[in-house]
Structures are given as C-alpha cells and as structure tokens.
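Just need the whole structure built from these sequences, with the hints factored in.
Number of protein chains: 2
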Amino acid sequence: MTKGTDTREKIIEQAATLFNTKGYSASSINDVMEATGLKKGGIYNHFESKDDLACKAFDYAVKIAGEKLLSRVEAGDNAKGRLFAVIDHFQSLPDNPALPGGCPLMNTAIESDDAYPLMQKKVQKAFDRFQQLVEKLAAEAIEQKQIDTDLKPEEISILMISTLEGALMLSKVQNTSVPLKIAGEHLRKLLNKGG
Amino acid sequence: MTKGTDTREKIIEQAATLFNTKGYSASSINDVMEATGLKKGGIYNHFESKDDLACKAFDYAVKIAGEKLLSRVEAGDNAKGRLFAVIDHFQSLPDNPALPGGCPLMNTAIESDDAYPLMQKKVQKAFDRFQQLVEKLAAEAIEQKQIDTDLKPEEISILMISTLEGALMLSKVQNTSVPLKIAGEHLRKLLNKGG
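If you're matching them up, the sequences are chains B and A in order. Sequence positions in the first sequence follow this note's numbering and run 6 to 200. Sequence positions in the second sequence follow this note's numbering and run 6 to 200.
Just so you know, not all the hints are guaranteed correct.
No copy labels: a pair is met if it fits in one copy or bridges any two.
[Unchecked claim] With a Cα cut of at most 27 Å, we get these calculated BS3-like pairs of lysine-lysine:
1. Lys186 to Lys141
2. Lys186 to Lys157
3. Lys61 to Lys127
4. Lys150 to Lys194
5. Lys127 to Lys186
6. Lys194 to Lys157
7. Lys44 to Lys61
8. Lys68 to Lys126
9. Lys194 to Lys141
10. Lys157 to Lys61
11. Lys130 to Lys61
12. Lys73 to Lys130
13. Lys186 to Lys126
What the hints contain is simulated information worked out from the structure, not anything from laboratory work. In this text the structure is predicted, and so the values were computed from the model without any measurement.
Now the structure itself:
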C-alpha cells in the first residue's frame, strides 16, 4: 500500500515536469513511460487514463508553484512586503523555477484555451485563486496605507498577474531577464508610496 | 503550377489555424489531413516534413497577425494614435482574432521555449520585430511630445507587449474582457499626456 502510494506520487511528479515542459497533448504515453521508467501497465495501474494523470499532474504542479510563492509571501515584513513578494517571486522564476518549464498556470492556459476544455476549467480555478490571493494582499497594503494608488485591489491583482506572466513569457523566449526586470520596476514604482 | 501553388497555400492556411489552436506537437499528420481534406501524400508532396509545414504555417500566422496590427497602426491620426493602436488591437483580439486560437507569437513562445528549439528561434525573431515596431512608435510619440513619460522607448515596448500578452492570456482563459480592459486603461493612463 505504501509502496503503491509512493509509486503513484512519483509518477505524478515526473509527469508534471514532462507536461510542464512539453505540454499535455504533445506528451504521449510513451513519453510518460520514458520519464517514469515504468511500463504502460505500471502507469495505468494507478490512473484511469492519460487525462486522469494530466489532471493529477496539473494539481501537483499548481501546489508546488503555490507553495513556492506563498513561502516568499509569508516571509514579507509587512503588507507591502507581502504584495511585492509576488513580484520578487516572478523575477526569480527563470533561474529558479518551481518546476521545469515555467509557470504551469500560463503554460496550461495557453495550451487548453482552445483545445482542452477539461483542463481549461482547472486552470480557470487556479487563476481565480491566484487573483484572489494577490487581491487580498493588495487590499491589506492599501488598508494599512503602505501603498498609494487609485487602483482597486482587483485591478492591482489583474494588472500584476498580466504584466508578470507576459514578462515571464517574453524573458523565457528571449533568454534574458530584461522584460521581468522592467515589469518588476514598473509595478513597484506604480504601487510605491514615496517613503 | 498555379494549381499546385494554390494547394500549397491552402494547406499552409489551414495548418496555421490548426497549429494555433491545438499546438504544433499535439497536431498529428492525421489532424493536418483532416483539416485540409488531403491524403498524406498530398501534403508531403508540398512539404519536406511536418516541421517544414509548421515553419511555413508559423510564418503565415505571423504575417496575417502583423498585417492586422499594421493596418490599425497606419490608420492612427498621429504618433500617439499609432502607438495606442497597439492597445486597441489587443483589446479587439478576443472578439476578432487575426486567426483562431489567439496570438500566434505567444502560443508558439509558450509551446517552444522548453521543447522546440527550431520554432523558438523563429518566435524570438518575430518578437524582436514586434518589439522594434512598438519601440519605434513610442520613440516617435515621445519625439513629437504627444506622450509624457520617463520611460525609454525600449521600456515602453517591453512593458506594453508584456502587459497586453499577459492580459490576453488571462482574458482568453477566463472568458472575460476585464483583464484586457484594465491593462489597456492602465497603459493609456501611463502614457497619456494630459490633454
């Protein structure tokens, strides 16, 4: 039982990296076999289908990415520090990703939005949670008068996530930290209460 | 000869839509056969390999997307109007995409950055050209004192492209125009010279 659970967890972890770099649809069951070192039966012993494994792997990837973000947020000195930790987190991702392949939310969003309804539903919920977290951090920073802005918390959240995800995409494809640096500086300046 | 060229162009067009919605690696040659109504031989008669077709289809998608953007830019009243046309263009994309599936540059960037070096090279060049276009529009608007900003043209370009691509991704996955609306308003306000 314990060994079975271990094997299952290990398949999920290895599949999460495979799917986050190569994509769900582009990864064949042969790719999963190669990544895990298991035979087909050894994989389907633990999962009903490739879609079932893909869903579990996405949940795992989101959990890992979320834990990495939250540990940085929670280390913030105050409300503003916790909000700005989201920016720091994105700037650290090219050199130190939560899992190989970049942001699993953006990767899955781009892959699923026209072609994979099952996964789109899951990524919608994951982005909802991410937006709500940043909105809450922004609301706290405003309430404690640590940032000075006319923007509402919801607008700050959407703007930060859009800008940082777009800059991460551009930094990754161009192999340079410049877009994330410019995006981070801009967002800090936008929200920075002078002093 | 003309008929052969027509068939070739038609395959490229139909494959471009297929690849932009489903992805390159996830689209099998059977998917291309289904999209084009041709047999395998009829496709490989025109292209050396699936990669060859993928490259031609990407070039076509970038050309179509670029023409749509440029026609809007060129209709701008002045330098500021031409720069802001980039924002209007992105805001129009969910309802009126250049081709189905969203921005071919972002889609291809996300798919290729960890797994498809041939295509990553092509998307790097396409983003370079896009960045240079927006940088040129920003430089003209600054020179003609139509926008008021401390940002350099290169920074404006990177910030606009990151924010708009990220907001397009979020708008598409969440089925709402809100992220693109907030991103557009923010960028206009950031660059708007009062009056």
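Hint numbers the structure violates, sorted upward?
10
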